[in-house]
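Protein chains in written order, with the numbering used here: chain B, 14 to 407; chain Z, 14 to 407; chain A, 14 to 407.
Some hints could be false.
Since the list gives no way to pick one copy over another, a pair counts as held whenever it fits inside one copy or between any two copies.
As a list, the in silico DSSO-like pairs of lysine-lysine whose alpha-carbon atoms are at most 27 Å apart [what the hints assert, rightly or not]: (1) Lys-282 / Lys-100; (2) Lys-135 / Lys-328; (3) Lys-73 / Lys-318; (4) Lys-282 / Lys-73; (5) Lys-238 / Lys-135; (6) Lys-63 / Lys-238; (7) Lys-73 / Lys-63; (8) Lys-37 / Lys-393; (9) Lys-63 / Lys-106; (10) Lys-106 / Lys-165; (11) Lys-348 / Lys-82; (12) Lys-73 / Lys-238; (13) Lys-135 / Lys-393; (14) Lys-165 / Lys-348; (15) Lys-393 / Lys-34.
Hint data in this document are derived by calculation from the structure and do not stem from the laboratory.
None of the values given here were measured: they were computed from a predicted structure.
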Amino acid sequence: MNDPTQVEKPLVDPDVVAQIKSWKGYVQAKLGFRNCWYPTLNSEELEEGKPVPFQLAGEKLLLNRIDGKVYCMADTCLHRGVPLSEKVECYSKETITCWYHGWTYNFTDGRLCDILTDPNSKMIGQRALQTYPVDEAKGLVFVFLGEVAEGKEPPPVERDTAPGFLDDDRRVRIFRRVVNSDWRLGAENGFDTTHIFIHKNSRLIPGNQTMLPLGFAPPPGNKDKLWDRVETEAGQIGIYDRLAERGIPHFEGKVGGETVVRAIHGGDKRLAEEISLWMPGVLKVDPFPDPTMIHFEWYVPRDEKSHWYIHCATKIVPGPDGDESFGREYETIWKDLYAHGFNDDDIWAREATQAFYDDDSGWLNEQLFESDECLIAWRKLASETNHGIQTRRR
Amino acid sequence: MNDPTQVEKPLVDPDVVAQIKSWKGYVQAKLGFRNCWYPTLNSEELEEGKPVPFQLAGEKLLLNRIDGKVYCMADTCLHRGVPLSEKVECYSKETITCWYHGWTYNFTDGRLCDILTDPNSKMIGQRALQTYPVDEAKGLVFVFLGEVAEGKEPPPVERDTAPGFLDDDRRVRIFRRVVNSDWRLGAENGFDTTHIFIHKNSRLIPGNQTMLPLGFAPPPGNKDKLWDRVETEAGQIGIYDRLAERGIPHFEGKVGGETVVRAIHGGDKRLAEEISLWMPGVLKVDPFPDPTMIHFEWYVPRDEKSHWYIHCATKIVPGPDGDESFGREYETIWKDLYAHGFNDDDIWAREATQAFYDDDSGWLNEQLFESDECLIAWRKLASETNHGIQTRRR
Amino acid sequence: MNDPTQVEKPLVDPDVVAQIKSWKGYVQAKLGFRNCWYPTLNSEELEEGKPVPFQLAGEKLLLNRIDGKVYCMADTCLHRGVPLSEKVECYSKETITCWYHGWTYNFTDGRLCDILTDPNSKMIGQRALQTYPVDEAKGLVFVFLGEVAEGKEPPPVERDTAPGFLDDDRRVRIFRRVVNSDWRLGAENGFDTTHIFIHKNSRLIPGNQTMLPLGFAPPPGNKDKLWDRVETEAGQIGIYDRLAERGIPHFEGKVGGETVVRAIHGGDKRLAEEISLWMPGVLKVDPFPDPTMIHFEWYVPRDEKSHWYIHCATKIVPGPDGDESFGREYETIWKDLYAHGFNDDDIWAREATQAFYDDDSGWLNEQLFESDECLIAWRKLASETNHGIQTRRR
Numbered sequence: 014m015n016d017p018t019q020v021e022k023p024l025v026d027p028d029v030v031a032q033i034k035s036w037k038g039y040v041q042a043k044l045g046f047r048n049c050w051y052p053t054l055n056s057e058e059l060e061e062g063k064p065v066p067f068q069l070a071g072e073k074l075l076l077n078r079i080d081g082k083v084y085c086m087a088d089t090c091l092h093r094g095v096p097l098s099e100k101v102e103c104y105s106k107e108t109i110t111c112w113y114h115g116w117t118y119n120f121t122d123g124r125l126c127d128i129l130t131d132p133n134s135k136m137i138g139q140r141a142l143q144t145y146p147v148d149e150a151k152g153l154v155f156v157f158l159g160e161v162a163e164g165k166e167p168p169p170v171e172r173d174t175a176p177g178f179l180d181d182d183r184r185v186r187i188f189r190r191v192v193n194s195d196w197r198l199g200a201e202n203g204f205d206t207t208h209i210f211i212h213k214n215s216r217l218i219p220g221n222q223t224m225l226p227l228g229f230a231p232p233p234g235n236k237d238k239l240w241d242r243v244e245t246e247a248g249q250i251g252i253y254d255r256l257a258e259r260g261i262p263h264f265e266g267k268v269g270g271e272t273v274v275r276a277i278h279g280g281d282k283r284l285a286e287e288i289s290l291w292m293p294g295v296l297k298v299d300p301f302p303d304p305t306m307i308h309f310e311w312y313v314p315r316d317e318k319s320h321w322y323i324h325c326a327t328k329i330v331p332g333p334d335g336d337e338s339f340g341r342e343y344e345t346i347w348k349d350l351y352a353h354g355f356n357d358d359d360i361w362a363r364e365a366t367q368a369f370y371d372d373d374s375g376w377l378n379e380q381l382f383e384s385d386e387c388l389i390a391w392r393k394l395a396s397e398t399n400h401g402i403q404t405r406r407r
Numbered sequence: 014m015n016d017p018t019q020v021e022k023p024l025v026d027p028d029v030v031a032q033i034k035s036w037k038g039y040v041q042a043k044l045g046f047r048n049c050w051y052p053t054l055n056s057e058e059l060e061e062g063k064p065v066p067f068q069l070a071g072e073k074l075l076l077n078r079i080d081g082k083v084y085c086m087a088d089t090c091l092h093r094g095v096p097l098s099e100k101v102e103c104y105s106k107e108t109i110t111c112w113y114h115g116w117t118y119n120f121t122d123g124r125l126c127d128i129l130t131d132p133n134s135k136m137i138g139q140r141a142l143q144t145y146p147v148d149e150a151k152g153l154v155f156v157f158l159g160e161v162a163e164g165k166e167p168p169p170v171e172r173d174t175a176p177g178f179l180d181d182d183r184r185v186r187i188f189r190r191v192v193n194s195d196w197r198l199g200a201e202n203g204f205d206t207t208h209i210f211i212h213k214n215s216r217l218i219p220g221n222q223t224m225l226p227l228g229f230a231p232p233p234g235n236k237d238k239l240w241d242r243v244e245t246e247a248g249q250i251g252i253y254d255r256l257a258e259r260g261i262p263h264f265e266g267k268v269g270g271e272t273v274v275r276a277i278h279g280g281d282k283r284l285a286e287e288i289s290l291w292m293p294g295v296l297k298v299d300p301f302p303d304p305t306m307i308h309f310e311w312y313v314p315r316d317e318k319s320h321w322y323i324h325c326a327t328k329i330v331p332g333p334d335g336d337e338s339f340g341r342e343y344e345t346i347w348k349d350l351y352a353h354g355f356n357d358d359d360i361w362a363r364e365a366t367q368a369f370y371d372d373d374s375g376w377l378n379e380q381l382f383e384s385d386e387c388l389i390a391w392r393k394l395a396s397e398t399n400h401g402i403q404t405r406r407r
Numbered sequence: 014m015n016d017p018t019q020v021e022k023p024l025v026d027p028d029v030v031a032q033i034k035s036w037k038g039y040v041q042a043k044l045g046f047r048n049c050w051y052p053t054l055n056s057e058e059l060e061e062g063k064p065v066p067f068q069l070a071g072e073k074l075l076l077n078r079i080d081g082k083v084y085c086m087a088d089t090c091l092h093r094g095v096p097l098s099e100k101v102e103c104y105s106k107e108t109i110t111c112w113y114h115g116w117t118y119n120f121t122d123g124r125l126c127d128i129l130t131d132p133n134s135k136m137i138g139q140r141a142l143q144t145y146p147v148d149e150a151k152g153l154v155f156v157f158l159g160e161v162a163e164g165k166e167p168p169p170v171e172r173d174t175a176p177g178f179l180d181d182d183r184r185v186r187i188f189r190r191v192v193n194s195d196w197r198l199g200a201e202n203g204f205d206t207t208h209i210f211i212h213k214n215s216r217l218i219p220g221n222q223t224m225l226p227l228g229f230a231p232p233p234g235n236k237d238k239l240w241d242r243v244e245t246e247a248g249q250i251g252i253y254d255r256l257a258e259r260g261i262p263h264f265e266g267k268v269g270g271e272t273v274v275r276a277i278h279g280g281d282k283r284l285a286e287e288i289s290l291w292m293p294g295v296l297k298v299d300p301f302p303d304p305t306m307i308h309f310e311w312y313v314p315r316d317e318k319s320h321w322y323i324h325c326a327t328k329i330v331p332g333p334d335g336d337e338s339f340g341r342e343y344e345t346i347w348k349d350l351y352a353h354g355f356n357d358d359d360i361w362a363r364e365a366t367q368a369f370y371d372d373d374s375g376w377l378n379e380q381l382f383e384s385d386e387c388l389i390a391w392r393k394l395a396s397e398t399n400h401g402i403q404t405r406r407r
């Protein structure tokens with residue numbers, strides 16, 4: 014029973030609510046988007062015939078590799094709703110059988126193809142679990158979280174990557190971590206140009222002879238747009254942050270007119286000249302963490318309060334040994350100096366932001382400043398160009 | 014504050030909702046039923062004058078044995094709502110005194126008979142805690158969860174047991190466990206004939222020279238009823254599952270026409286010829302786990318998400334040493350081979366089903382098949398014949 | 014989705030609801046009151062320039078000592094809502110800088126005085142974090158949880174203490190603990206005269222040659238008021254419990270006419286002659302635990318389900334060594350015999366009461382008795398004289 018004498022909660026500023034209407038779809042997308050490709054597990058994690066459960070955008074799913082090709086199917090038996098993965102029983106290459114009553118599903122189309130406890134059931138052939146198209150690229154297993162009409166194909170994976178990611182001879186090292194925050198707080202942490210303030214003491218800066226301002230900000234009285242929205246021929250849609258070009262880098266932080274903190278000048282290597290964020294949630298930092306490399310990172314919704322942070326160190330290295338040689342370089346230098354030494358800070362920052370946005374009231378109560386214009390542009394883009402909003406399924 | 018831009022949830026098929034109306038009472042009975050007997054602790058757990066707290070159907074209760082007879086009373090002081098059992102203070106045989114302000118209740122009628130801090134209070138004699146009738150049988154303490162009118166008696170315990178349980182010379186070994194699922198998922202797990210698929214590798218099958226099909230299913234084109242509803246002279250109401258007689262046992266499981274799994278044939282002992290489920294939630298499997306024994310199991314609601322699984326191995330053994338001799342047999346053979354070796358699997362199966370039914374949406378979203386006809390019959394019976402539905406009390 | 018067939022919950026007695034209307038404000042004050050002083054940390058816990066986060070009445074706050082004076086400011090950056098204390102960065106004595114984007118706030122007025130990543134932002138000087146007035150007295154840091162109009166001062170701390178607490182030469186030993194109950198259950202535990210039943214075996218009674226009845230109760234047929242509401246010249250508002258004078262102490266507890274428990278008579282020292290409870294939640298027991306001492310205890314709301322129990326042992330000890338000498342006495346004798354030996358029992362009692370009041374239905378379902386008249390008087394006083402009710406802020 015509720016308290017019969019409850020105090021009324023204070024109302025929210027209607028102007029703020031009105032502004033949010035222009036990126037309403039983004040606020041709704043707590044679980045991400047539909048009808049787009051998300052990277053999930055690494056290809057090497059999927060062995061032939063060994064289904065692996067995982068969570069994507071609030072859905073419990075299974076991946077399985079059959080004759081080399083990967084399939085994705087719901088992990089919830091249609092009958093009584095139990096997870097098939099609770100006790101995996103695969104009696105043929107293409108199928109998984111529910112441990113409870115023997116309902117058997119084909120990975121290729123999700124079809125209920127047999128029931129071991131009742132081979133005469135009329136349900137057989139008449140029901141199907143949700144399946145999703147799967148593709149693999151650069152060592153990642155991509156899942157297309159959406160429906161594809163009979164006889165149609167999903168769009169190519171490329172559409173939902175950042176430009177250049179799929180380039181020939183681009184070698185990719187993947188480092189996937191669970192971050193306990195909403196995926197949007199991940200994406201905004203990565204794209205937000207002034208968040209680099211948290212990296213001011215990163216060991217990457219002296220370690221790789223580079224420099225990093227404390228932040229970039231628009232010039233006083235700025236009337237220029239600080240970003241560009243682009244769509245590539247491959248259909249990729251994203252925002253370039255132009256603060257590095259059109260804004261002012263600040264290398265000294267002042268309090269009360271006194272300089273109190275200075276950016277470390279570790280050397281003259283120029284990094285991060287172009288920063289862009291692409292649908293459905295992948296950041297590109299070019300070049301980074303070295304003039305020879307490009308950094309990509311994905312924010313993949315797992316549920317309302319956690320995402321996969323898929324960190325991709327990449328470099329073009331031609332030749333048959335390219336992958337192995339980049340792998341050695343990554344393990345020797347970059348894993349510590351960059352994946353940990355730089356990006357570990359982003360993880361606790363995202364998690365520290367979560368409580369304020371837990372119930373989505375943060376979108377109303379935050380107070381943005383000038384350089385956040387790029388984030389607003391991203392929010393609008395995401396609201397306008399998505400192919401559907403993911404919601405909790407039953 | 015709510016997200017001002019919340020997406021609407023998908024609606025549920027109205028046909029499914031309509032069907033559920035025919036067993037609405039069962040869906041409501043998340044905490045079980047009222048005005049019926051439930052088994053609780055074992056008689057031997059209740060020593061003279063040592064009150065024991067427990068939880069039944071969402072209520073916090075106390076059992077206490079006084080001059081040999083067991084009484085059941087609410088464990089929540091009327092005054093400020095604290096649990097009496099937080100610090101037991103019994104100053105006379107028939108009473109318990111609240112540790113906080115000395116309110117004292119008589120176990121026989123729940124009456125507030127004294128207040129040690131204010132012997133003149135007008136409350137004395139004018140208030141009473143809820144009490145429930147108690148009976149003991151076969152080593153179980155039964156509580157009648159309901160009101161009994163002045164001068165009336167509750168029905169005999171027998172009404173709420175399965176036939177035969179109280180037979181003379183029937184020896185009973187009780188094994189009680191907490192299972193983290195709704196009691197209904199316990200009852201349906203036990204009664205559902207095709208769930209035996211999970212027992213296909215049970216060590217009981219070879220260990221006791223028996224066999225168990227993978228499942229029983231109705232014959233193709235079946236028009237016969239697969240169950241019988243019965244009411245005994247003692248007022249017991251239950252459903253017999255007739256799939257063993259009228260259905261087809263399947264000893265081979267096929268995927269794509271190939272036999273992929275075969276039931277183990279451990280021997281020719283015939284078991285489980287009659288399976289029946291009785292109000293308010295007790296299963297009888299006759300004979301089981303041996304032609305000389307009958308298995309009974311109760312699903313007793315503790316709260317919305319857990320039940321007591323009260324597993325009773327029974328056998329008729331006449332004579333003064335019958336109980337001791339069956340006790341030795343149970344400990345030597347059956348506890349491992351059957352209580353653990355067979356029924357442990359039921360526990361994790363029930364717990365794996367819980368998430369889907371947590372908020373009761375599972376009743377709308379499940380997809381039942383032919384052999385579940387027996388479950389539907391049970392659900393209707395439970396909706397039609399219960400004597401009241403338990404709800405959270407204040 | 015909700016259960017489509019939900020059972021209706023039983024209704025509450027409208028007479029009880031009507032009665033609660035007379036102390037509605039108290040039921041609303043789950044997080045305490047606004048516009049009043051609460052004690053928080055100890056002065057000695059605040060070192061110069063070392064901000065400390067804490068929680069008061071549902072708010073996340075910071076305390077910091079600057080040039081000896083303590084300031085209190087919200088611990089939530091205005092920009093993206095992160096806790097400033099997640100990683101403390103103070104670049105000048107008066108300020109704290111948000112670790113995320115360099116927003117910098119002045120502790121004296123909460124003003125956003127600089128943004129290190131964008132010194133030209135128009136936000137600078139235009140926004141401010143909530144600050145609260147702070148004062149220190151008797152080793153406690155008091156925070157005024159409310160707004161003070163421009164050019165005005167908050168009331169003196171004295172208004173929100175119990176009379177005598179601030180007396181010259183009164184030495185105070187503070188022992189602060191977190192108790193997992195609503196602050197109101199703390200206040201009512203302390204003030205309620207019959208709760209002393211829980212202390213009947215306290216080692217303080219024989220240890221300090223005193224006695225304690227099992228309870229005080231109104232005389233039969235009592236028509237006298239059992240309490241006095243007072244307001245002091247300093248504006249302190251409180252209730253004196255007069256049960257010790259106008260009621261009957263009971264030294265024997267009877268069940269069924271038989272004496273079953275007797276109060277321990279440890280000696281003739283007279284204690285606790287006056288018990289009073291003051292806004293916004295501070296108890297005074299005079300004298301206690303010794304004829305030479307006065308006991309004060311505060312119940313400071315942290316959140317809806319926990320409070321700080323600030324236990325203050327006090328004694329008038331004149332002279333320059335007074336504080337040190339009382340400190341030795343407290344550590345040698347009173348910490349064990351009284352702070353633990355007596356008041357530890359109050360802590361588990363409050364926590365045992367919490368579940369019944371968790372959702373505030375306890376206020377409707379409790380059943381009070383004659384001596385609770387003092388509690389009702391307190392509830393009305395708190396409803397009528399508070400300066401505002403605290404609610405969750407955003």
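Taking the hints in turn, this is what the structure says about them:
no.: 1; hint: Lys-282 / Lys-100; in the structure: neither (53 Å within a copy, 29 Å between copies)
no.: 2; hint: Lys-135 / Lys-328; in the structure: neither (55 Å within a copy, 41 Å between copies)
no.: 3; hint: Lys-73 / Lys-318; in the structure: both (15 Å within a copy, 21 Å between copies)
no.: 4; hint: Lys-282 / Lys-73; in the structure: neither (44 Å within a copy, 42 Å between copies)
no.: 5; hint: Lys-238 / Lys-135; in the structure: between (62 Å within a copy, 17 Å between copies)
no.: 6; hint: Lys-63 / Lys-238; in the structure: neither (50 Å within a copy, 41 Å between copies)
no.: 7; hint: Lys-73 / Lys-63; in the structure: within (16 Å within a copy, 46 Å between copies)
no.: 8; hint: Lys-37 / Lys-393; in the structure: within (8 Å within a copy, 45 Å between copies)
no.: 9; hint: Lys-63 / Lys-106; in the structure: within (10 Å within a copy, 60 Å between copies)
no.: 10; hint: Lys-106 / Lys-165; in the structure: within (25 Å within a copy, 65 Å between copies)
no.: 11; hint: Lys-348 / Lys-82; in the structure: neither (30 Å within a copy, 46 Å between copies)
no.: 12; hint: Lys-73 / Lys-238; in the structure: neither (41 Å within a copy, 37 Å between copies)
no.: 13; hint: Lys-135 / Lys-393; in the structure: between (48 Å within a copy, 23 Å between copies)
no.: 14; hint: Lys-165 / Lys-348; in the structure: neither (41 Å within a copy, 57 Å between copies)
no.: 15; hint: Lys-393 / Lys-34; in the structure: within (10 Å within a copy, 45 Å between copies)
Of the hints listed earlier, those the structure fails to meet are numbers 1, 2, 4, 6, 11, 12 and 14, in rising order.
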